[in-house]
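A.B. asks: First to last, the protein sequences are chains A and B.
Residues in the first sequence are numbered consecutively from 0, following numbering that gives the first Met the number 0.
Residues in the second sequence are numbered consecutively from 0, following numbering that gives the first Met the number 0.
Just so you know, these hints were derived from the structure itself, not from any lab.
Quick caveat, the model's predicted, so the values are computed rather than measured.
Keep in mind that a hint or two might mislead.
Which copy is meant is left open, because identical chains are indistinguishable; a pair holds if it fits in one copy or across any two.
To be verified - Below, computed lysine-lysine pairings styled on DSS-like, alpha-carbon distance capped at 27 Å:
1. K171 <-> K36
2. K46 <-> K36
3. K46 <-> K35
4. K171 <-> K35
5. K181 <-> K36
6. K35 <-> K104
7. K104 <-> K36
8. K104 <-> K165
9. K74 <-> K104
10. K36 <-> K165
11. K74 <-> K36
12. K181 <-> K104
13. K181 <-> K165
2 protein chains.
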Amino acid sequence: MTICFYLQQGVEVLDFAGPMEVFSAAGFRVITVSRKKGPVTSQGILKIMPDYTIDDAPPFDILAFFGGGTNAATKDTGLIAWIESRRTSTSYFFSVCTGAFILGKAGLLDSLSATTFHSSIEELRTALPRTRVLANVRFVDNGRVMTTAGISAGIDGALHLVTRLKGEEAAKEVAAYMEYDKWVPNQGLVVAER
Amino acid sequence: MTICFYLQQGVEVLDFAGPMEVFSAAGFRVITVSRKKGPVTSQGILKIMPDYTIDDAPPFDILAFFGGGTNAATKDTGLIAWIESRRTSTSYFFSVCTGAFILGKAGLLDSLSATTFHSSIEELRTALPRTRVLANVRFVDNGRVMTTAGISAGIDGALHLVTRLKGEEAAKEVAAYMEYDKWVPNQGLVVAER
């Protein structure tokens, strides 16, 4: 399976790096995609050269969004149109932190439950009146669309998705490899199993 | 305070990204340094453009090393000579995972205690006969030189160093911001307080 990490300007480093470690260790193919050619700067620190832009990205099974710089991303009509164009060909959508605002803007959270960064819960409720926004939950899994709480919660959410797609033993092996001894399986909310 | 993240080819993504999130959120200035100009690929996935090479890196207070690609790094005599040249001007040395092999090669772990990635404990004992290598510990803090266990343990080690340099309240604020609700302060071994 291939997972596409969409990296916008200002993306928060641990938001994407935690899930990248998890999915890579679980044997997924990981690709990075940005809006335009040229470097993306994460958190004002880390300069990244993504593999593809939205104009040349190959197909993928999972599309993932992360926090940091999401205000500008939700206003980017070209990005939102691209997400909509990938809606049918993509099996799963995943967000960490305020990445939920991007999924929501593309209509992917309509009539679903979701969570986001702890300071942004009310803002997400205002932005997405058709979404049930939940606080104090590590992740919310609707089956095809999954959102996690802030930053380090992305690690837990990624391990949950690995559990669903490859089984709990595979996820436990990844957590042990990462020395993520603090992992508690099933710590989030599963709204609807596929 | 400035912390220098040395990023070698093949560096493991969560090894450095966890501490980068922590130190950045704690208000440290973070710079990235590589051996030569041009991109460094993390874990075969993430292409990074470091800020400096070892030939033009400015002074810093903390020098940090991470796992992945460390076998080649320990054989790089130019890198080891550079670390030795920064020994006096650098206040603290920090490693995550097999980054300990680099610190050890530069003589920084002589007569000290250390830890590393769980699968590499025996190998580190063989490589560093003058170092007490400890298993089953999240981090080992010798005062000026600190090593952590594998991958996600870097987050705990970074929070510990923030606790030492800025106080436990500051570290708790960072953990809360990151939603790292699982953080347990003082979970590692402090061998000698400065």
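A.B. asks: Indicate, hint by hint, whether the structure satisfies it.
C.D. replies: So, going through the hints one by one against the coordinates:
Within a single copy, K171 and K36 get their C-alpha atoms no closer than 37 Å, and across copies no closer than 38 Å, so neither meets the 27 Å cut-off. For a Cα distance limit of 27 Å, the shortest separation of K46 from K36 qualifies both inside one copy, at 13 Å, and across copies, at 13 Å. For the identical chains of this complex, K46 and K35 are neighbours both inside a copy (14 Å) and across copies (15 Å), given an alpha-carbon limit of 27 Å. When the C-alpha separation of K171 and K35 is checked against a cutoff of 27 Å, the pair qualifies neither within a copy, at 37 Å, nor between copies, at 37 Å.
Neither within a single protomer nor between protomers do K181 and K36 lie at most 27 Å apart by alpha-carbon distance, with minima of 38 Å and 38 Å respectively. Taking CA atoms no more than 27 Å apart as the test, K35 paired with K104 passes inside one copy only; the shortest distance there is 20 Å, against 41 Å between copies. For a Cα distance limit of 27 Å, the shortest separation of K104 from K36 inside one copy, 23 Å, qualifies, whereas the shortest one across copies, 39 Å, does not. When the C-alpha separation of K104 and K165 is checked against a cutoff of 27 Å, the pair qualifies neither within a copy, at 30 Å, nor between copies, at 39 Å.
When the C-alpha separation of K74 and K104 is checked against a cutoff of 27 Å, the pair qualifies only within one copy, where the shortest distance is 9 Å, while the shortest distance between copies is 50 Å. Taking the shortest Cα distances, K36 and K165 never come within 27 Å of each other, neither inside one copy (34 Å) nor across copies (39 Å). Taking the shortest Cα distances, K74 and K36 sit within 27 Å of each other inside one copy (19 Å), while across copies they are farther apart (35 Å). In the homo-oligomer, the alpha carbons of K181 and K104 never lie at most 27 Å apart, since the shortest distance is 33 Å inside one protomer and 31 Å across protomers.
In this homomeric assembly, K181 and K165 come within 27 Å of each other (Cα to Cα) both inside a single copy, at 20 Å, and across copies, at 25 Å.
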